[in-house]
Amino acid sequence: MRLYQCSPTVPVRALASNPGISVDKKSGHSFLCSSSLTFPSSIGQPQQTEPLKTDPSIPETSFHRFWEPKMSPSKTTRKLEVASPVPADIDIANSVEPVHISEIAKDLNLSPDHYDLYGKYKAKVLLSVIDELKGSSDGYYVVVGGITPTPLGEGKSTTTVGLCQALGAFQDKKVVTCLRQPSQGPTFGIKGGAAGGGYSQVIPMDEFNLHLTGDIHAITAANNLLAAAIDTRMFHEATQSDKALMNRLCPPNKEGKKSFNDIMFRRLKKLGISKTQPEDLTPEEVKKFARLDIDPDSITWRRVMDINDRLLRKITVGQGPEEKGMVRETGFDISVASEIMAVLALTTSLADMRERLGKMVIGNSRAGDPVTADDLGVGGALTVLMKDAINPTLMQTLEGTPVLVHAGPFANIAHGNSSIVADKIALKLVGPGGFVVTEAGFGADIGTEKFMNIKCRYSGLTPQCAIIVATIRALKMHGGGPDVVAGKPLNSAYITENVALVEAGCVNLARHITNTKAYGVNVVVAVNKFSTDSDAELNAVRNAALAAGAYDAVICTHHAHGGKGAVDLGIAVQKACENVTQPLKFLYPLDFSIKEKIEAIARSYGASGVEYSEQAEKQIAMYSRQGFSGLPICMAKTQYSFSDKATAKGAPSNFVLPIRDVRASIGAGFIYPLVGTMSTMPGLPTRPCFYDIDLDTTTGRVIGLS
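Residue numbers for the sequence shown follow my numbering, beginning at 56 and rising by one.
Since the hints were made in silico from the structure, they are not lab data. Do not take every clue at face value.
As the list claims (entries may be wrong) - Dumping the calculated BS3-like pairs for lysine-lysine here, alpha-carbon to alpha-carbon at most 27 angstroms:
(1) LYS298 x LYS313
(2) LYS309 x LYS298
(3) LYS379 x LYS343
(4) LYS343 x LYS330
(5) LYS379 x LYS369
(6) LYS619 x LYS630
(7) LYS161 x LYS175
(8) LYS189 x LYS640
(9) LYS342 x LYS414
(10) LYS619 x LYS640
(11) LYS342 x LYS379
(12) LYS442 x LYS246
(13) LYS175 x LYS379
(14) LYS630 x LYS640
(15) LYS130 x LYS175
Work out the full structure, taking the sequences as your base and the hints as a guide.
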């Protein structure tokens with residue numbers, strides 16, 4: 056595979072009078088409008104079709120800061136013809152014919168050996184790409200977070216896609232968008248899909264929002280195999296002696312010889328048994344090896360499915376006549392809440408994934424020792440089910456820029472970010488001067504914090520810029536505006552000018568800026584403009600953002616105009632990346648105690664202290680005794696406030712943060728305290744999104760998907 060070097064910077068004066076270049080003389084921003092400048096695929100700098108002329112109206116000192124192709128520019132990017140008012144998302148998505156995914160791959164210098172096709176518009180990029188480009192330099196790394204959102208969302212996914220369309224289709228940068236795979240739960244429930252919106256979307260939108268390449272189905276199968284292994288092991292241990300268990304776990308071969316298989320040596324090592332032959336174990340060692348003695352009340356592993364089904368939140372299993380005495384209460388979570396999803400997102404290689412899956416703790420023995428997937432003998436089988444899911448899926452935006460879709464962990468009980476391996480592949484593919492833009496779930500207090508303190512710890516990657524997405528609507532809510540309720544019309548306060556309300560709400564934005572800057576990145580605020588927003592309101596947000604320490608604040612219209620509406624954001628992000636001066640800083644060191652780490656995060660929320668329930672104290676003591684206190688913290692709290700109370704808007708301070716319980720995802724690699732109650736299986740509303748979804752049986756196209 057081949058990476059190209061940076062081309063020389065081209066003065067704006069030299070570009071302004073040349074065919075194919077349009078220059079905004081006020082801003083100095085220039086745009087490639089035609090193919091008058093040609094770019095041979097063998098080199099990375101422009102070839103002139105005629106001698107460059109200069110435009111004396113543009114100062115000699117002005118430089119063309121964003122049109123500096125680092126590689127041959129994309130042959131797949133395209134400009135959109137936008138309509139007003141903006142049509143439905145699915146109608147826009149269906150109006151654009153995607154290019155074959157092999158063309159997107161070729162733009163990234165990927166050969167057919169580097170990916171597996173999944174139809175015409177999707178491909179799995181193989182991890183071998185990381186190894187082949189190991190010595191190559193990375194591009195710029197950008198994370199997109201947001202202010203504390205309304206229930207309607209503020210457009211982080213749309214901003215992520217729009218920015219990448221601007222960078223790739225208008226600024227001729229090598230760029231890759233890295234997004235989470237959406238669950239089918241919200242797709243058919245309340246929220247709808249997660250492909251972006253308006254003229255900033257990933258396509259094919261229906262494939263993105265539905266089965267994609269089957270990763271979530273693989274996670275579902277692996278999760279439920281482990282669940283079955285837990286109940287089956289308890290069943291067999293309850294009905295057999297130690298000797299019978301041992302004979303069945305290590306049956307004789309055709310020659311009558313017994314042996315341990317590979318995964319059993321992991322358990323033997325954990326138990327401190329160095330013997331290699333089953334017959335050499337003492338009766339006490341046989342008991343320790345063969346009997347896990349799982350405490351049913353300690354089991355945290357639940358079954359999963361990828362749809363919203365509230366009646367499965369609590370169920371009873373073991374009621375069949377052949378499972379007499381094995382009745383216990385359990386339940387279902389939605390698939391993206393599975394720890395296996397978090398493992399997929401945080402793994403760095405196939406070998407690392409194997410180790411993480413094997414280390415997942417499903418509960419404790421009656422003696423209080425953690426029981427893992429490898430203790431149950433299933434870690435290798437889980438890896439086999441996940442072997443294809445570890446490869447990220449390549450797709451494209453409406454304007455033909457590449458997208459890597461991979462993993463989709465919850466943003467409360469997990470860290471809410473797409474995968475490390477997708478980001479690593481993307482950073483190598485774009486190379487120096489290119490951009491990788493990834494989204495972090497919920498507000499910056501949750502998604503960006505976990506991106507920095509969990510994801511970047513495990514990946515070793517360093518971001519240069521963090522974007523905070525804001526809307527006038529959300530800022531008015533934080534300034535004291537009426538409640539915003541999904542499915543109900545907005546109050547008139549949100550569609551009429553009220554600068555004072557906006558300014559009051561900017562305290563929320565200011566705290567997010569302060570917190571994010573503390574990681575050492577430059578912060579750019581992206582204000583998603585709505586048709587009802589006034590210039591005075593938008594200016595108030597920009598002024599407040601700059602006063603709070605943002606590197607820049609930009610008004611964006613990418614929902615209505617695609618990449619063209621995010622060009623200013625692209626320029627700001629490039630400058631922010633080029634001018635970062637500080638190293639990455641974490642909020643806490645890992646050698647802090649569990650409580651010290653929780654309290655460091657709580658202070659960033661504005662809390663004056665933390666209160667632990669009796670159950671939380673018990674769990675913290677147990678995880679510390681079991682040797683897990685060195686893991687990072689993944690706070691599970693409401694996304695609608697800095698505090699534990701969703702109704703506390705703005706920037707609440709001097710509150711006590713209550714920790715109800717503390718749990719752990721040991722395989723994924725974090726402890727997650729519960730602030731309040733977290734539902735891991737959503738329900739369906741009275742009128743779910745599925746009412747609008749159907750198939751045009753003449754064309755085969757999906758209709759009504761949002």
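Against the structure, the hints:
Proximity of LYS298 to LYS313 is assessed by CA-CA distance (about 13 angstroms); at most 27 angstroms being required, the pair is judged to hold. Using a Cα cut-off of 27 angstroms, the hinted pair LYS309 and LYS298 holds, with the two alpha carbons roughly 20 angstroms apart. Distance hint between LYS379 and LYS343 is fulfilled; the C-alpha atoms sit about 25 angstroms from each other, no more than 27 angstroms. Distance check on the hinted pair: LYS343 and LYS330 sit about 13 angstroms apart at the alpha-carbon level, within 27 angstroms; holds.
With a C-alpha separation of about 20 angstroms, the suggested pair LYS379 and LYS369 falls inside the 27 angstroms cut-off, and the hint holds. Restraint check: the Cα-Cα separation between LYS619 and LYS630 comes to about 18 angstroms, which is no more than 27 angstroms; the hinted pair holds. For the proposed pair LYS161 and LYS175, the alpha carbon gap of about 14 angstroms is at most 27 angstroms, so the pair holds. Distance hint between LYS189 and LYS640 is fulfilled; the C-alpha atoms sit about 25 angstroms from each other, no more than 27 angstroms.
A hinted pair counts as satisfied when its Cα atoms are at most 27 angstroms apart, and LYS342 with LYS414 qualifies at roughly 22 angstroms. Distance check on the hinted pair: LYS619 and LYS640 sit about 34 angstroms apart at the alpha-carbon level, beyond 27 angstroms; violated. The hinted pair formed by LYS342 and LYS379 meets the criterion: a straight-line CA distance of about 24 angstroms does not exceed 27 angstroms. With a CA separation close to 30 angstroms, the supplied pair LYS442 and LYS246 exceeds the 27 angstroms bound.
For a cut-off of 27 angstroms, the pair hint linking LYS175 to LYS379 is broken: about 51 angstroms separates their Cα positions. In summary, the hint linking LYS630 to LYS640 is supported, as the alpha carbons are separated by about 21 angstroms, within the 27 angstroms threshold. The suggested pairing of LYS130 with LYS175 holds, with an alpha-carbon distance near 17 angstroms, which does not exceed 27 angstroms.
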